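Chain by chain, the residues run as shown.
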Amino acid sequence: MRILFGAVLALALSAPVAAQTTTPSEVLRSSVSNFVRPQMNSFAREAETLSSAVMTLCTTPSAETLAEAKTAFSGAATAYGRVEFLRLGPLMEDNRADRLLFWPDRRSIGLKQVQAVLAASETPSLEELTGKSVAVQGFGALEFVLFGTGQEALASAAGQARCGYGKAIAQNIAQIAAALADGWSDPNGIAKRLTQPDPANTDYRDTTEALEALIGVVAHGIENVRDTRINPFLPKDDAKPNPRLALFWRSEQTIPMLRANVSGLRQLVELSGMVSDGALAAKVTDAFDRAEAALDRVTDPIDTALADPAQTAALGDLVVATQDLQQLIGEELSSTLGLSVGFSSLDGD
Amino acid sequence: MWQRRAFLKATGAGFAASLLPRQAFALERNDLVFASAIQTASGAYGAVLMGERGDIISTLDLPDRGHDITISREAGRGVIFARQPGTFAVVFDPDGQAAPQTLTSIDGRHFFGHGVFSPDGKLLYATESDYEAAQGVVGIYDATNGYRRIGEFPTYGTGPHEMLLMPDGVTFVVANGGIETHPDFGRAELNIETMDPSVVFIDRRDGRLVGQLRLDAGLHQLSIRHMAIDARSRVWFGCQYKGSPSYAPQLVGYATMDGDIRLIELPADTILSLRNYVGSVAVSADGSKIGVSSPEGDLLVAIDAEGRQPAVVETLRSGCGLAADGAGFIATSGMGDMIGIAGAERPTQSFDFHFDNHMLRV
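Chains as they are written, first to last, in the numbering used here: chain A, 1 to 349; chain B, 1 to 362.
Just so you know, not all the hints are guaranteed correct.
As the list claims (entries may be wrong) - Looking from chain A toward chain B, a few residues come up when the C-beta cut is under 8 angstroms (computed):
hint: 1; residue: 92
hint: 2; residue: 106
hint: 3; residue: 122
hint: 4; residue: 203
hint: 5; residue: 224
hint: 6; residue: 228
hint: 7; residue: 349
The set of hints was computed from the structure by calculation and includes no laboratory data.
Remember, predicted model here, so these are calculated numbers, not experimental data.
From the three backbone atoms N, C-alpha and C, an ideal C-beta is built for every residue, glycine too.
Bound conformation, chain A alone (with noise of 0.2 angstroms):
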């Protein structure tokens, strides 16, 4: 099973989008073994590893012990940034999405908050700390304690107090990803209700509630990522950018960030088969293609490339390239089949 998988994605990741007919059942029930569950599982790995790394960073702090702090930050972020937009079951439960990522933070909230509790004299447990507001929870957080003013204290022992709350919040975050995995590994909970829709259930009631679901989370992934991660920065009507509004600017992974949302929308896209009409799985895979070519062009951290002309530029083709990509999901393949996601529903209006 693990080799077909692996074959599965090789082929996948190289092959167009989808050129054979799929079920709407096929669909769901791909989507949830071939990405949702294996990328879940990886999050809850790669968020174990950060818990254990900042453990580590608090008992033997170091110059080597805090930048391995620092890379499994990156590790579990981007395997967050993979499967953020699942946004149903799991992720939406007890504000999880928002105590993981608490973005954006229009008016700094967040790191006001952080900041206060960096200046307090106690640090908060694990259990203190999951009472707190949800933007001092998450990985918003870890980065101002691993990356902002102040973090060198880390690596001897002056900076007990800020790695044990930096400790806390690594749990929380290696918490609620374990329960994300668990929670779609369950064989009676989410992903049966959704690959095996039925009118008793209490959310999906038939398949085409359920690919509703399932559209409708990767066309708004897409506008989310456009949204709140590309075009808050982006040089407006004054033509200055603003990269102080950029996600992760402080650990450089603004862009290994962006990377990882592209990547999960595709690797979800392909890997389900949702996308069976030839001609519009043709245009996805270029729109996607675009994407990630455009991805490869910004090289600098996000504060040097948007100094850049042409990577500047390069990002205005990714914003582009998300356009396309909701229109072409969001409202071609819904209305190819029959779906009403986009329209009237989904949207909170």
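Given chain A's structure and the hints, the job is docking chain B onto it.
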């Protein structure tokens, strides 16, 4: 009727086709009965004005997606508001005599898709977002002077959505949905953990807060968005739940100017079928029935306002638009269907465009 539709489509004319004999004085002659924002089959946005039998009187092109419509006989005008976070509103002449006028929201504000006229038709009010401050405002426009924006007052909350004028003619009721958005981030919801929805009554003469009502603190993720006023001046509202999807709270309730606010108890299967989402709320012509719709759950429910229980439950794929019709309601869908429920006797009709979320009965 098909001839008129064919003609309109052939010319692509919208309001340019103002010489249609029936359209002239449609409002005066009571021909104009229904109005809704639409998306055409080719993906363009617009609005449609319809007669009693679903016959199309005219259509209007819009630059982007519209939301709700308000019409004032006194002003002789209708206004369609852009869907949030849109920045336009189009003032149109239902009789097709005057050219449409496009209003643009001022710097630092966008529309939320809803608004009302004053009883004398001289002022237009619109829910808007002061997005830098994350505060809702009601923008005030002078209908007697080219719809110049002459002021605003606060809605005392974030993310205002529908606003209605109470039967006293001087009090507004506004649903503050509680959700912060900012145009820099599209439609992303920025404060789900800390949202604080409310129903507010505001004196339209001076913007004074008459009263503000909130549900229990445990329901702070229940966004109050759409409303209708019953025969006893109770303000019925429908909510969208933004918390854990495994929890299905009650979604329909009412508020009064005496300071009462409560959710009614709909049966569990009805609540589950609403999918944590009410897309519109309407009241029947006699004020005795409340219609609520869920395009997410494909469900329409007519509730007996006194018994507080569903009188009729029907399914309509992607159904959302609701307006009083006969003894019950007309309902429209994103798939282009129009049906009657709960005592509205009309044949099911299908159109080659998508109805948007709201249907107005003029």
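Hint check:
1. 92: 5 angstroms, holds
2. 106: 6 angstroms, holds
3. 122: Cβ of residue 122(A) sits 23 angstroms from chain B, so the hint is violated.
4. 203: Holds, about 7 angstroms.
5. 224: Hint holds; residue 224(A) Cβ to chain B Cβ min 6 angstroms, cut 8 angstroms.
6. 228: The hint holds - residue 228(A) has a Cβ within 8 angstroms of chain B, the shortest such distance being about 5 angstroms.
7. 349: Since chain B brings a Cβ to about 6 angstroms from residue 349(A), closer than 8 angstroms, the hint holds.
Of the numbered hints listed earlier, the single one contradicted by the structure is hint 3.
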